[in-house]
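Peer 1: This is what each chain is made of:
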Amino acid sequence: MLTRAMCALLCVAPRLSAQHAGHPEREADAQRRDSISAMGTALLTRVTPALAGNPRSEALITQPMVMLRGARRSGALRYAAMLNAERWTMPGGEPVAGIWGEGFIDRRHPHTVVHEVMLTAMRQVQGTTVSLSAGRGIVPFGTDDPMVRPFTKYPANHHHAQILERIQLTGAIRLSPRIGLELSTFNGDEPASPTAAPRWSRVGDSRAARLSLWPVSGLELQGSAASLRSPEFAGGEGLDQQKWSASTRWTPNGGIMRYLLVEWARTGDRYRQRAIAAYGTGLIEALAASRGLSVALRAEQTSRHEEERLLDLNRTARPPTDLTIKGITRWRLLTGQVAASMPAVGALHGGVFLEATYARSTPQLRPVLLDPADVIGANAAWHLSAGVRLGLGAMPVRVGRYGAAAGGPTTDVALGVRHR
Amino acid sequence: MKPFIGGVLKLSLLAGLVACSAGAGDNVGATPVGPPPPITPPVIASLAVVGQGEITNRFTAEISVGSRYAYSSTWGTRASVRGNAIYVWDLDAAQPTLVDSVIVADAGTTGDVQVVADAALLVVAVEPAPRGAIVLYDLGTPSRPRFIGRYETPTTSNGVHTAHVARVDGRLCAFLAINPRGNEVAKLVIVDITDPRAPTELWVRNLGAPFIHDVHVRDGILLTAEWNNGMAAYDIGGGGRGGSPSNPVLLGRVQTVGGSVHNVYWLRDSVSGAQYALVGEEGPGAIGSSSEGDVHVVDVRSWSAMREVAYFRVGSAGTHNFWVDESAGVLYAAYYNAGVRAIDVRGDLSACAAGAKDSLGRCDLTLANRVLGAGLTNTSSYIWGVDGASGSVLASDMLRGVWRLARVAR
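Quick mapping for you: the protein sequence lines, in order, are chains A and B.
Under the numbering used here, the first residue of the first sequence carries the number 1, and numbering increases by one thereafter.
Under the numbering used here, the first residue of the second sequence carries the number 1001, and numbering increases by one thereafter.
So here's chain B without its partners, still in its complex pose (with noise of 0.2 angstroms):
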């Protein structure tokens, strides 16, 4: 027996050697490395703080502003509370004012909120699996939204990613994008909701490689986010092939440089008559922390013969949702871990000086001198997205909650 106690000393002397060269291994820990080498781009103003609504019990995501009220969205699980809510804020003062709350039944992620004005509705995207659905709210009083119904099916259990919602022909659509899962690839659904009580899917289609993030709809013309596939343009109404909200035609495609094309906004200038497609990009990061991706300027004059023109680049982080104020053109973008950022988009994008353009032609905006402001810049924010209120802009701080800047002057 002597060996044998013997060889569990032994034993136990090297294990303690083992705690101590793991105690002392942290370089075999985790090494993030950063993006690509930073463009500094020169911020020429800073977007004023007006006010915070300050939520830190859960991550903020999305925010959607009516005429007097904004709502947030949440995100994921904060030191174990899940990301069920949707909160309610007060805008009548300079400082958002919380007045209210509501909890999706099980929800992880409310990631999407969109405010429909001319219909006093409110929907809520709702992941993840297996409960992926869309939530539908009447804001016939906006202070208390009232839980109308939840339109959830086989075809969005995956999860609800966006939901956008416009109205096209008279009827009110609500556009899905569902996340993939297992086998099942990503795909776009087409909800009628113009009577919120009975929503009817419109269509399905298999879209995105391998996701479809988000979606913009305006006159009668769908672009989609399909992350490596590009962006696509689809007639549903406006496009003069035929096409509606139950059969999209397909009206061209680009690929935009970089892909992960996450998000979009078509642009119609009023002022040169310009017309733009503003392409989010979205690559990897950790969120909270660090991101990266650009945003990419796209000439959609002809939606056969789409080609990218110019992009904008904030070093060593990613854009993500963003508003763009038509009057005075300028879009406000959501930068996660560097804030807002505040863009001249007025007039040709396309045309800057030779010094400004890279290697593929197109105009890098912050050589071309289009940059207004940034803001949120020197905060611990991760900033989600922007909408526009009266005069002033709302971002969504998933660390922090709401904050309200003032808006550039031009």
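Excised from the complex, chain A in its bound form (with noise of 0.2 angstroms):
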């Protein structure tokens, strides 16, 4: 039926060279440019605590990554594919305060290798710019991946805030260049592991859904919704979810001042159509530059479930081995980056940065059965990171949009290591 969709769409599509003629060169016109890029950082960073009271210091590589984008028949159909190395330079995962998922508590799991491989045809009806995708990628929910944001770390909300590495098919619709909507249909089930095949039967069993509007330049607004089947439990046996997500992206055209993120999101647990439990996120960042110089805040509160952990004290069990949880808690972390472009070697370009998180947990329920600062040895804790940036080629300036729903005027702009 896929199959059938994407060339039913093919077939009558007609050409779009012309489309966008006389707007600023946005991601969706960039994406007919076929192109293969590289990204990666080598980071070195000191958490303190860590475990137990004490201090880690530990150097890896986080996201390196093999970027194609592309078109044919002129924009009509275009693609996307993303490897990612993580599985094996920080198999043991990432330090990230207040961070969980797929196994890892208080550091970023190793993202799958095939991140993203997104096919999309597009057409244009009446004035209307229409698209249909499928693969393996980011679904529409959400904000940005946080790797196309400034900070090298990510937000402790990643799995509040983003639905990635899911087998979709995902229909989108540019009402009028200032509105754009997409559907999503995909699996709801986690990836198992950086290597793990996706569980084909269960693609369709979760639903998506994003609004976007950019009332003027710059400016971005999207609310989104999602269902999901079951994400922890690969056979379909666990929690729901209902996720909600809306924010505020603002990239002003010209001045320092060059990004602003408002973001809010919740998560919800059900069990058999009723809800058990519910998590909320609140984060704001925002990025000045000039002169290859920039500064970038980000104050973020999220609540997380907590789970036994092994023997491994940053692992939980995947899947878990019963439906409860251990505790509910309150992270509140403010991260602050000062970054310095390097001068661009032929297609080499990158920065150097200095990061700092400081972290703080709370226990939301009592009686308190896990809370953090009994593993941590301490409720705050500071995250201090320096690190090199290094892009080959002109990379993407952002991810998780596809077809019809790339992003509005200016608002396609790099925020992090240099984009094209």
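Rather than coming from a laboratory, the hints here were simulated on the basis of the structure.
The beta carbon of each residue, even a glycine, is placed where N, CA and C say it ideally should be.
A few of these clues could be false.
Heads up, incomplete: computed chain B residues facing chain A, CB under 7 angstroms, no partners named [what the hints assert, rightly or not]: (1) S1080; (2) A1105; (3) G1108.
Now that you have both chains on their own, put them together as the hints suggest.
Peer 2: Next comes the structure, spelled out in structure tokens:
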């Protein structure tokens, strides 16, 4: 059915090459060129305290990726692929305050090797652009993946605010240059490991929708909802999730203030259509830059559930061994970054940065069964990082918006390492 | 440079606003939502507290009672202390007295423990992955368990959630419920521990969706709690179908209402001759503060035609493990955040007034006036399991240790 749908769209697709003539170049337009790019960050992080009151320093390479983008048939057929090597460069994860997911806790899990392979067919119907995308990729829910945002360290709310690495069929319609709607169906299960094959039998058991507005140049508003079937149990027997997200993203055209994101999201656990618990997050981050120097700040409050940990205190059982939680913790985090661009050498470009996060945890349920402070050694911790971000080639400035859902005027702004 | 400095100042101001916003944003935090509308059972009598043995450095898990001593296991991590201990309690006096403890190496949870009286053995289930195992202790001196050995194989490495020991056809068998992990599904492993120094694996089968948490063995019949696959009965020597611990033969399966089949007890009423499987359902919850799940009563007179005939529900709470005083016909059910409940299970549990039946025709044991008592309902307790001691009931409290309760009078 998927093949037939793609075919039907392609067979009647008119040429789209002049579709957005007169607009500033957008990610959607840039995607028409074949390109290959790569990026990676060499990172040194010191966490104080990390475990049992003791500090820990780690050096690793995070977000090593190769990206392919391009188009055929004058932009009517587009592809996007992203391979991620974290499975080899950080198999034990990366220390990130307050984060959890896929069997890791207080460490960000390595992403799947095949992070994204998406094919998009586009056409224009009576002045309206529509697209159909299929493959494995980022579900139209929430905000941009943190990999294309200013900070190296992910926010704690990654699993509240994005849905990644799903087999999906996503339709998008650009009702006008300033209004976009995406609808998607996908598999609810989280990847079991960076190399685990997706559960094909579950494709279609979960859904998401995102409405995006671009009322003025540089301003993007989005509201999205998703219904996920049993993300933590690949067999489908676990709790379901209902997710909501709303955000405002501002990328002014000129001045030193380059970027502002205000985000709210909520994840509700459901068991047989009944609400069990809900977790929320609020985040604001901003970037100012001038003459190759930048300063970024992020403030975040995120709540997460606690689970029993394995003998490795940064790991949890996957799947869990029952349907219970061991507590809820609210994390408050403040992150700052200063960065400087390095001179480009041919296609090689990059920058150096210093990043600091102050994180504080507070248990929310009584009695407290698992207080992260008991594991870490304190209810507050510092994460100090220094590193070099390198990029090769023209990298996409945003990810997770396919076809007709690509950003509005001047919203496609490079925020991390230099992009195209 | 001035515009840049100005920008940084603006950014700092913004960060301040952000921090204030986040600080005031408790409403974006967690919002636990309770289970369905409660049905409050009419408690007839209290199970009086006779004594308590307090443990607060670790979370307490299962309790198993021998002739004079009881053994409690431990669960999870409490203030950085692992659940790697077994505590030994002297029950000679009303007040349980802690007399010894053993530490199990490479354990994060010793969630299940069982005294095997006729073999003077103590069997302990060990979690988590990758060091799942059972550990065996000699109870030749019951107050001082002596390490015999650890049975740990690639089959058990994902974690042994429970280990139920029963004698079948002269052999002492341990039935190990193994956790799922990654792409490996849950399984049941049967091990011959007749010689506890040289256990041998008899049978392995993928079972449960997604878990198998417990089994019950009686008279050559194996009952398995297979979560969303319901409860199944296997012939392992007593079913007349040629089954054995090396070759269990499926006799039948039943889906109880709500699924999440966690534990099971085969009740044979010596007075009425009635035979029921008492099935515990474990729903979601926050350990220490909330739970949900009913006790389901399944008529098992025919293994091939098992059917649920009754249920027992406590509002805003869920059951966990239980013990049955068969001579008195009383089920003692651990009910996590609602203490211990005593239910009359004598006679025909499928018979009740029309007004006590639900839309599925099941008797509501509360409305059928079968509630005999409740205990530990007013304490800050979270009850994991119960076991019978001479004239009393021992309850394991995850938060506070071990309680000794008087049994209900009939």
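Peer 1: Could you run down the list of hints and mark each one as holding or not?
Peer 2: Results for each hint:
no.	hint	result
1	S1080	holds (5 angstroms)
2	A1105	violated (11 angstroms)
3	G1108	holds (6 angstroms)
When the structure is compared with the earlier hints, a violation turns up for hint 2 alone.
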